[in-house]
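Student: Next come the chains, spelled out residue by residue.
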Amino acid sequence: MNATSTTIAPVLDFLAHTLTTAETAFNKLPGSAVIQRYVKSSHQNDPGRTILELILFIFAIRTLLQSRTRAEKNFIKFSDKEIDELVDEWTPEPLGQSLTPQEQADLAAVPIITGPNGPKPKLVSTGKTAINLASFNFTGLSGHEEIKERAVETLRKYGLGSCGPPGFYGTLDVHMELERDIADFLGTEAAILYSQGFSTISSVIPAFCKRGDIIVADRGVNFSIQKGIQISRSTVRWFDHNDLKSLEEVLESVEKERKKRRGPLTRRFIVTEGIFEKDGAMVDLPKLIDIKFKHKYRLILDESISFGTVGRTGRGLTELYNVPASKVDMLVGSVANALNSCGGFCAGSQIVVNHQRINGLSFVFSASMPALLSVAGSEGINILRNTPSILASLQENIQAARAILDRVDCITIPSHPASPIIHLYVKNSKSSLHPSTATTIVPSNKPSNPTSILPKDAASWDWDVQAEEKILQDVVDEALAQGVLITKAKRLRGQEMVDPRPSIRLALTSALTKKETEKAIGVVKNALVKVLSKRR
Amino acid sequence: MALAKPASISFLKKRKSQTLSSPMPSAASYLSALSQADARARNHNNAGRSPTSTPALSLSSSITSSSEDTVLNEDDTIFDNSDGLALPARPPTSEQVFTTVHTEFGHCADQRYRLVSEHPSGTELPSHVDYDPPYYILLSTYVSYLILICLGHVRDFVGKRLNPSSYTHLIPKNGYAPLNSDFDSFYTRRLKTRLDECFSQPVTGVAGRTIVLLDRISPDYNHTQIFTGNRTRALNISSYNYLGFAQARGGCADAVEDSIRRYGISTCGTRLTGGSSDLHTISEALVANFVGMEDALISSMGFATNSTFIPALVGKGCLVISDELNHASIRFGVRLSGAHVRMFKHNDMKSLESLLREVISQGQPKHHRPWKKILVIVEGLYSMEGTLVNLPAVIELKKKYKFYLFVDEAHSIGALGPHGRGVADYFGINPRNIDMLMGTFTKSFGAAGGYIAGNKDLIDRLRVHGHSGAYAEAMTPAVLTQVVASMASIMGVAVPSMNPSSSTSTLRLTSATNSAPNNTACAIEEEYSHPGAAPPSSLPQWLTLPPALSSGIEGSNRLRRLAFNARYLHNGLNKLGFITYGHPASPIVPLLLFNPGKMNMFHRMMKDRQTPIVVVVVAYPATPLVTSRVRFCVSAAHTKEDVDTVLRACDEIGDVLDLKHGIKPSERWSVEQICERAVEVAEM
Ligand SMILES: Cc1ncc(COP(=O)(O)O)c(C=O)c1O
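Line by line, the protein sequences give chains C and B.
Position one of the first sequence corresponds to residue 1 (this note's numbering), numbered consecutively onward.
Position one of the second sequence corresponds to residue 1 (this note's numbering), numbered consecutively onward.
Just so you know, the hints here were simulated from the structure itself, not pulled from any lab data.
Heads up, a few of these hints could be off.
Quick list of in silico lysine to any residue cross-link-like pairs, SDA-like style, CA-CA up to 20 angstroms [to be verified]: (1) B/Lys-372 - C/Pro-92; (2) B/Lys-173 - C/Pro-264; (3) B/Lys-173 - C/Ser-98; (4) B/Lys-350 - C/Asp-80; (5) C/Lys-296 - B/Phe-186; (6) B/Lys-456 - C/Ser-98; (7) B/Lys-402 - C/Trp-90; (8) B/Lys-192 - C/Lys-77; (9) C/Lys-120 - B/Arg-261; (10) C/Lys-210 - B/Asn-180; (11) C/Lys-77 - B/Lys-399; (12) C/Lys-157 - B/Leu-213; (13) B/Lys-398 - C/Pro-92; (14) C/Lys-294 - B/Arg-261; (15) B/Lys-160 - C/Val-87; (16) C/Lys-296 - B/Tyr-176; (17) B/Lys-173 - C/Val-87; (18) C/Lys-210 - B/Asp-184; (19) B/Lys-173 - C/Pro-286; (20) B/Lys-173 - C/Leu-299; (21) C/Lys-256 - B/Tyr-176; (22) B/Lys-402 - C/Ile-351; (23) C/Lys-157 - B/Arg-261; (24) B/Lys-402 - C/Val-87; (25) C/Lys-122 - B/Trp-542; (26) C/Lys-81 - B/Ser-354; (27) B/Lys-399 - C/Glu-89; (28) B/Lys-173 - C/His-295; (29) C/Lys-122 - B/Gln-541; (30) B/Lys-316 - C/Asp-80; (31) B/Lys-173 - C/Gly-263; (32) C/Lys-81 - B/Lys-402; (33) C/Lys-296 - B/Thr-168; (34) B/Lys-316 - C/Met-497.
Chain C with its partners taken away, still in its complex shape (with noise of 0.2 angstroms):
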């Protein structure tokens, strides 16, 4: 010890000294003659302690001005002179590139309804009617007198729009209403009401998921699931879609990387859907909630298509398989689309439901929706309620319609047989007969890897995306010429985390009568198979 300190003595003085006139300075900080007197005593006691400590301020400072700073690590330092030059070479490419002919084909023929939509909605570009196979109008609520008289009323006394985010005056009675209407119709303790249907979940899993908690998702999740998690900055795990199996998997492995780490009890969520706006597919509900719980994860479920859509009233997956939706800890649904209004709500407790109220940021910082919409909503479920008649003919219509379908050779249908929506696929040329045979193929038993969303058959997807949207935009307008309005499944190529497999995607509705759905299915089916043979 005395060695050491002969030999840094003068290093001692000089930092004595400095201290000392540093002192003046020093003194005038409120709260200093605290520190003043402690690093006095402690360099008398152990001058080696003072250095120590002083290493350790400045490589504390250091490092805390590097984590500020990390990205002017390689800064080169420019004179003006050269920065004018460097900004007069610089072209930035155009802000958006021109669309291409594909899609601008595409977006000319997109659909455009003149007057009101409906099952028979007219054409701007034929002039005709059509029946419509395309638009979300599953409840047939679209042109309801009811809820248009009810909607009138609502605005001669509140107008249109609230003006106001709900946090400033923007929370109408009416609102209050439709939210307490959507937690009894399912029977939670509250709900929230969001202006937009597709913002709702993407603003409500980023208010739960932080940084550092788990998700564990399907790999099938729509888009707006997937904007939400990129959104949180979660740890995600992905499972294969709609494959419970996988997800206990996965679930496992979680513990198990956790346990390994001795990390913390941090919050996780299982993030899937109802009934897949992909493909149509249903998850089984009473399964994934006995996995839920003894997991002990908390559950995400986007019902935006299965809300209002199947059980007997429309309650939803909940009501179909008779689980209590209060299991669910946050049911996001649609107030758009079965609901034939706008926005979008999230059911859980009143706890879950507080929360969004401050944290969900498309709730805090949009306005509330206009009076009459939520009004419309709240008439939707009355009659939804009152009504099974409707979910009973929508469900008979569908039966109908899969009972043609499923017996086309040229397509392969991943919608579950209760789906509202029906997507089809081109059958695979290679792969052989059985419908199910794609996924199948290519048997293994090796898991899929949980940190990648990519499914792992991916590798032998052997689709051309490209010609097979050409193929179906064929049959969309074959189907079109002989009076039935049906769409693809519009993706947003490049942007989405797996590309899907091209789609058509039907709707159907319980406003069309059987007969009438089975004759537009069949003039579906024509169009398949007409142009379909073709391309053999």
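Since the structure of chain C is already known, use the hints to place chain B with the ligand on it.
Tutor: Here is chain B with the ligand on its own, set in the frame of chain C:
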């Protein structure tokens, strides 16, 4: 008029307690004036029936009912003017016929109270002068927060030991981590809860000049709120109803009713998959004209307009330069896009330029490759500060540094500029100098949703590659109609020329039909020159606006009323000695409170006045810690007397709460002086 009787009685009873300085009419004189006005209205109406009458003289078809309706629009509550909100300060004179409901859109015929919202040409945008409050205010503010935080921690510490059951939602339970961590929720639990009575106040009815509050009380320090069942009408200086189009009556509401009956509630689906209506096409063409761009795209939510279209504009390898105070929706969109983000100091052009020089010269981080493109995102009018973007300076920089410019006009569209076309209009700049103009309909237009406008190629790109087109529900017909009707009445509708081959009109494909080439109809469209009147073909055929609206007279009146009210309130508050932020032309007027404790007080004192006034108070994290503020949003619906009322209230409360720390006391005016010389104050 069964209402008239109890009305006059209660009115007389309460009159004694009136403290309003404006001359209050007696009920009898008022009603007689009304009946005269009625007779006039009927006459006018009959005249208005003939289609050849000039628009300026004839009256809107919406006023077939008695004009008493325009005052006494209460069918479920007993008419009572004790708050001075239901009756105009003066009964209408024989020349004045009001077509709006006074509680929704105030009656104000005095042409002195009008101004044009325009940047004086040849001048610089005045840089913001910061008045610093005295030190003791700052100190006490910091100390307040310190006390709040310490108290909060003490309460947590004690509470967790004495009353653990109320903390169970903050600690892991049954193997579930808490939804809300102790630390994350500290601010909400211990600071915001104290202010909760100022937030999320439920209301009913129209968010117009006045608003009806559903009264509530909290028995347990804001943990729960109980509705008392009573309602209070209050002067509404909080809603983003800049042009006063939040109305349940009048030409726009009539149009909306018509559209609901024609189109139903929804268009059933997304824009690209069977949810597009001809109304969308029409509205988008009108919006494009309104903002002066080639094409526009409408989305059903303002927030989503930013969050779903920005990712289609920029991506990896691109840089977004964003004002530090940009709205959450912009941040959301930018984060989704995957682009690199840098921020510059709020509205500070020097900071922007030095950042631009740095990023262009350095290129992308690590490998220093040049950026693919740089997008600068600013707002036209900042919703918490009331500051205007220095658009002329940004455009200058844009010429030199070749970045693309995205302006979010959520608050400025409709609210600024001699023609209501936003910041570019205010500064007299050609909007085509800006690449992307985004805005919302929730504010000035009394509707919902948003738009994004730019050149046709870009907008078409967004139609296909923006997230909304494929996945988000389309805007509903009712909302579209409100947008079209309000927008057309701001623009005025051009009188159709009888001869389509005359020099003023040309045969060309409208942008609307371009986006749907299948559309065989080639509209004959009058050449639109920005910022002019809307071509008649840009409205749906079934929609006829009442002449007051289609002539643009009412629209221009609204614009000028808003401009007057904004300047009057802003300058009036300054003259009273308050510290305000923002530009005098801005309809958003933030008044600085500093101390968090004063927010509650201010809010409550304003609400408990004889003429209740509802205000928005904002604090950290929406503002910097020390600059808690109250934010007024004036509207064209306010009368000059309404602004007087607000000024008087602020004057009294400002004295009580010690808020006047702006200009020197010797330069201040009394509130009486200000109200009397309002025109002078507004023009200061
Ligand atoms: C700058 C800005 N952008 C976007 C929005 C979102 O608009 P909306 O309320 O229509 O969703 C707002 C609303 O507060 C805003 O201030």
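Student: If a hint holds in the structure, say so; if it doesn't, say that too.
Tutor: Each hint tested on the structure:
Distance restraint check for B/Lys-372 and C/Pro-92: the Cα-Cα separation of roughly 6 angstroms lies within the 20 angstroms cut-off, and the hinted pair is therefore satisfied. Our distance criterion of 20 angstroms between C-alpha atoms is met by B/Lys-173 and C/Pro-264, whose separation comes to about 13 angstroms. About 54 angstroms separates the Cα atoms of B/Lys-173 and C/Ser-98, which puts this hinted pair outside 20 angstroms; it is violated. About 15 angstroms separates the Cα atoms of B/Lys-350 and C/Asp-80, which keeps this hinted pair within 20 angstroms; it holds.
Distance check on the hinted pair: C/Lys-296 and B/Phe-186 sit about 25 angstroms apart at the alpha-carbon level, beyond 20 angstroms; violated. Only pairs whose Cα atoms come within 20 angstroms are accepted, and B/Lys-456 paired with C/Ser-98 is accepted, the gap being roughly 9 angstroms. Among the hinted pairs, B/Lys-402 with C/Trp-90 is consistent with the structure: their alpha-carbon atoms are about 8 angstroms apart, no more than 20 angstroms. The hinted pair formed by B/Lys-192 and C/Lys-77 fails the criterion: a straight-line CA distance of about 46 angstroms is larger than 20 angstroms.
Between C/Lys-120 and B/Arg-261 the alpha-carbon distance is near 17 angstroms, which keeps this suggested pair within the 20 angstroms criterion. For the given pair, C/Lys-210 sits about 10 angstroms from B/Asn-180 by alpha-carbon distance, which is consistent with the 20 angstroms threshold. Among the hinted pairs, C/Lys-77 with B/Lys-399 is inconsistent with the structure: their alpha-carbon atoms are about 24 angstroms apart, more than 20 angstroms. With a CA separation close to 14 angstroms, the supplied pair C/Lys-157 and B/Leu-213 stays within the 20 angstroms bound.
At roughly 12 angstroms between alpha-carbon atoms, B/Lys-398 and C/Pro-92 fall within 20 angstroms of each other, so this suggested pair holds. Of the pairs offered as hints, the one joining C/Lys-294 and B/Arg-261 is violated, with about 52 angstroms between alpha carbons and a cut-off of 20 angstroms exceeded. Note on B/Lys-160 and C/Val-87: the hinted pairing is violated, with a Cα-Cα distance of about 59 angstroms set against a maximum of 20 angstroms. About 6 angstroms separates the Cα atoms of C/Lys-296 and B/Tyr-176, which keeps this hinted pair within 20 angstroms; it holds.
Among the hinted pairs, B/Lys-173 with C/Val-87 is inconsistent with the structure: their alpha-carbon atoms are about 58 angstroms apart, more than 20 angstroms. Between C/Lys-210 and B/Asp-184 the alpha-carbon distance is near 11 angstroms, which keeps this suggested pair within the 20 angstroms criterion. Proposed proximity of B/Lys-173 and C/Pro-286 is contradicted: the alpha carbons are some 23 angstroms apart, above 20 angstroms. This hinted pair checks out: B/Lys-173 and C/Leu-299 have alpha carbons roughly 16 angstroms apart, not beyond 20 angstroms.
Proposed proximity of C/Lys-256 and B/Tyr-176 is supported: the alpha carbons are some 17 angstroms apart, at most 20 angstroms. The straight-line distance between the Cα atoms of B/Lys-402 and C/Ile-351 is roughly 49 angstroms, outside the 20 angstroms bound, and the hint therefore fails. Taking the CA atoms of C/Lys-157 and B/Arg-261, the gap is near 17 angstroms; set against the 20 angstroms cutoff, the hint holds. The straight-line distance between the Cα atoms of B/Lys-402 and C/Val-87 is roughly 8 angstroms, inside the 20 angstroms bound, and the hint therefore holds.
About 17 angstroms separates the Cα atoms of C/Lys-122 and B/Trp-542, which keeps this hinted pair within 20 angstroms; it holds. Only pairs whose Cα atoms come within 20 angstroms are accepted, and C/Lys-81 paired with B/Ser-354 is accepted, the gap being roughly 14 angstroms. In summary, the hint linking B/Lys-399 to C/Glu-89 is supported, as the alpha carbons are separated by about 14 angstroms, within the 20 angstroms threshold. Only pairs whose Cα atoms come within 20 angstroms are accepted, and B/Lys-173 paired with C/His-295 is accepted, the gap being roughly 14 angstroms.
Between C/Lys-122 and B/Gln-541 the CA atoms are separated by roughly 16 angstroms; this keeps the pair inside 20 angstroms, and the hint holds. Taking the CA atoms of B/Lys-316 and C/Asp-80, the gap is about 28 angstroms. The hint is violated against a cut of 20 angstroms. Among the hinted pairs, B/Lys-173 with C/Gly-263 is consistent with the structure: their alpha-carbon atoms are about 17 angstroms apart, no more than 20 angstroms. Note on C/Lys-81 and B/Lys-402: the hinted pairing holds, with a Cα-Cα distance of about 17 angstroms set against a maximum of 20 angstroms.
Note on C/Lys-296 and B/Thr-168: the hinted pairing holds, with a Cα-Cα distance of about 17 angstroms set against a maximum of 20 angstroms. The hinted pair formed by B/Lys-316 and C/Met-497 meets the criterion: a straight-line CA distance of about 15 angstroms does not exceed 20 angstroms.
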